[in-house]
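Visitor: Protein chains in written order, with my numbering: chain B, 60 to 430; chain E, 567 to 1199.
FYI, nobody ran anything at the bench for these hints, they're computed from the structure.
Just so it is clear, the structure is predicted and the values come from calculations on it, not from any experiment.
Think of the CB as a built atom: it goes at the ideal place given N, C-alpha and C, for glycine as much as any other residue.
Take these hints with a grain of salt, some might be off.
Stated by the list, open to error - Some chain E residues close to chain B (C-beta under 10 Å, calculated; not the full set):
| # | residue |
| --- | --- |
| 1 | 1017 |
| 2 | 1070 |
| 3 | 1084 |
| 4 | 1092 |
| 5 | 1114 |
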Amino acid sequence: MRKKFLFQDIARVLSSPRLTTVGLFLLILLTVWGTLYQVDHGLYAAQQKFFHSWVIWIFGYMPLPGSRLVMTALLVNLFFAIFFRLGLHWRRLGNLLAHIGIVLLLLGSFIIQLSSLTARMVIGEKETTGHAVVPGEWELAVWKQATLTHPVQTLPTDEWKEGDSYAIPDTGLAITVTAYYPNCRSSTGGSPESAAGRSLIPLPSTREKGKNVAGARLTIRGPSGSVPGILLYGLDPDPRRIVIDSRAFYFQLRLRHHLLPFRLELIDFKMIVHPNSVIPKSYQSRVLLKKTGGLQREVLISMNKPLRHAGVTLYQSSYFTSDDGLEHTVLTLVRSPARLLPYLSCLMIFVGISLHFLSQLIPPGKKGSKK
Amino acid sequence: MNRKTRFHSILGLMAASLCLLGPAADLRASSALNHRQLGNIPIIENGRIKPLDTFARNLLKRFAGRSRIEGYSAIRYLALLLMDPPATRDIRVFLISNPEILNAMGIPRRGKARNRYSFSELKPGLWRLQSLAIQSSRLPPAERGIVETEAIGLYNRIYTCGALMESLAIFRSNPEIHLTLPGGEKIFSDFDLLVNLEKLKELQKQYSRHPSGKNPLPARGISRLIRRIETPPENQPDTFFTIISPSLRGDTRQTAWITPSALFYHHQQPRPQVVRILSLLERIAEGYHRGDQEGYDRAIDRYLQLVFSSSVKIRPSALKTEIFYHRLAPFQRAKILYGLAVLAVMLSLVFRSGVLYRLGFFLVITGFGFHLGGVVLRFLITRKAPVTNLFETFVFTSLSVALLGILLEWKKTRNIGIITGGLSGFVLLMIAGRYATQGDTMTVLVAVLNSNFWLASHVITIVLGYAGIILSGFLGHVYLLQRVFRPSGKRREDRLNRIDQAIYALQAFGLVLTFLGTILGGIWADQSWGRFWGWDPKENGALVILLWSALLFHARKGGWIRKTGMAYGAVIGVIAVSLAWFGVNLLGVGLHSYGFTTGIAHTLFGFIGLELLFILVTAALLTGRRRPDSLPG
């Protein structure tokens, strides 16, 4: 009996609109703070500190709940509210629908955060590419052949620390990380082929994660020998050739490649401006979509008109002209398995709150009085 | 060619325009002319085709901060600049807000600190201004102070003025173009040379076959004139008077419009076609100088017929509608009517007069009619959803607020609907008016906004939501003031209950519409940026409004606040809207860069300060009375 009372008490507290009020207030504080934080620290840092965090440490020792924690608390509050407070009644249908929609929205945002991928695809006019790169994420690519078309192996470098060793499967090689810098610059004098006279100078991380340039110094070990002091820098255009145990291998530290099941050729990039002005009217890339099996078709990607194909969406993001005068288009690639969840949940919330407020226009008991 | 080089040349050109033609006559035949028909000529500016009337209004607003100066209408001032530059010499048109600019130019200050100066008054300091402007333009924009920014602004205004003076210079008789012929010395215009080029070449041949065998003097003069017409000048200062469309000159491969001078000097078209277009313009100038109203209008009509028959992209109806819109000044009228409506209703409360109340209702409805009419006219002109820039969001929000106020009044919240709707409509239109003085308010859309469907659905919905929250906040003020100042009694409680219901309903309306607008924005962002939500400051602003509104409903449901708390919450909601609307623009970060604005920080923080003061004072007064429902919770 006592246990039942205890559970009811807990359920009453956890389903209370007062708890929701506190949660919403904290969320407002975090949103305002996180928005102001963007001005000096950039969007990525603000997202990590305020919007994607469980706890925020103020001055390094004072803990405050982060958005994830507050949203989880609100989620629990919602579950209890749905099951113990709202109940089933036609007048509460809208309220219930709105709250279920919010649960779906919160869950959807967690799923999207964990499962989505954002990458960048850069294609020059008349060039073809079949991969996108993930800004801010680096990998070590190792080839066996000089053709360099297909990497034998790639190792993500996110977790690299000094002294770590990793085996490179199918090569018989292993690496030991002598030094790894998430952001650094390469000293002048020296070339990618020669570590002599060239060094990496560590830099603090930039405001935008995608602007960091990683660098590493590795020791590469083969079955019967090793090559120490291999310096790899993220901006080196070509891989380094290393001969070990009389076999040649090619190593490159590069942005993580996301391989696509299709290839894109840029036929033409166009920026149209409004006449007699510098105001852009539209950016558009005419591309040839080449599928496996030889099928191909022309597609026009422009602002507000992305290409959706094979589970990914490609958006017109930017453009630039290289030193040799070649126009390049920059497309943003997004793969988000739960893409439709926000749509569905927002629709539920909208219908729910509309129904809820409309139902309040009907005075309670009217139905009864008619009887 | 850089701006600096062009500025050097423009000073010379301005001097030529203003001095070569001698002093302006006190009484000119042209001074009595009506320029209405001139205002119909289409021109392109910043990517948008507009009537010359609008161009003139924007120009005068840029120069003088108003659309009428010293009795000159904008189009009349432009006509003078184009056709009779010396007559503009003494018109005090250049608004200088900072007297330090005058010190820097070595010009004595006249009267009050913020004043308008003529070209003649500024002329002695132009070289100093140029030097200061060039130095200032080398600084990064963030490092420029007020004086530097103003110097660049004044420099550009004078440059534009000089360039426009040169727009029709090809039709002016120029003492440099003279020829001594058997009949005596003759002075021509550049256009005369173009028209008579064949004759000149024939004359040249005749003189070069002179029996003496030497190149006689007239032949040398003719060669000089032929060279002048065949060798275009390097500097073409006039890039503003772009009235020659590609279709008019028969060059459909191009999209850029050009000026008459550019057509004259750099034409790719056959000469007869160029002469045909320019002849029509010359007749306009001729009609002007003769002061012949009929001939002037007829020449403009013939030019317009050619323009409209050459292109379907130029919509004569849109041009006429735009001129009508500017002459009607619907938002100005609506603002005045809203103000008068509020005054009438206030007086009706003081004198308990039903007539004044009905007058107030009539005025607010009439004001709303003008307001709505203005929005519809803008849609007819641009064919875009009327929410493309900050000016339009103010206009649309104030329209929505006024409509909600009228609906409230209709639902028997006597006086309050008119007072809150009218007052908020008045205030928001006042703020909109500030943006209108910065130039054209019908700007073309940047690429990312260039989607009528998303623009209409997302922005209109969210702005309607803002309107609900703003009106709810205004009612919150009314509720709190009534609690503080009106004696208690059943009538007061009935009235407060009605206001509370309205606050609740409008808050709900605001929440639903702001939420819908935010979702539509999310879907649009998903379409163009590849993500539904990205914690961008503008998105966060909308989120804060939603969270605050949801918080109010939950706090009320949880019993933490009641009617008074809801009223305070509604007032804070207005602060949240103001921060989401402009506050985030001040941060200058994020993807909504097309909405960034500057120079409103003081006004915004002043407004927030006043609101907080209102909250504190009313809370203190209500706490002093120790009423059970006088404080939040």
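Visitor: It remains to establish, for every hint, whether it holds in the given structure.
Guide: Outcome of the hint check:
no. : hint : result
1   : 1017 : holds, 5 Å
2   : 1070 : holds, 8 Å
3   : 1084 : holds, 8 Å
4   : 1092 : holds, 7 Å
5   : 1114 : holds, 6 Å
Of the numbered hints stated above, none is contradicted by the structure.
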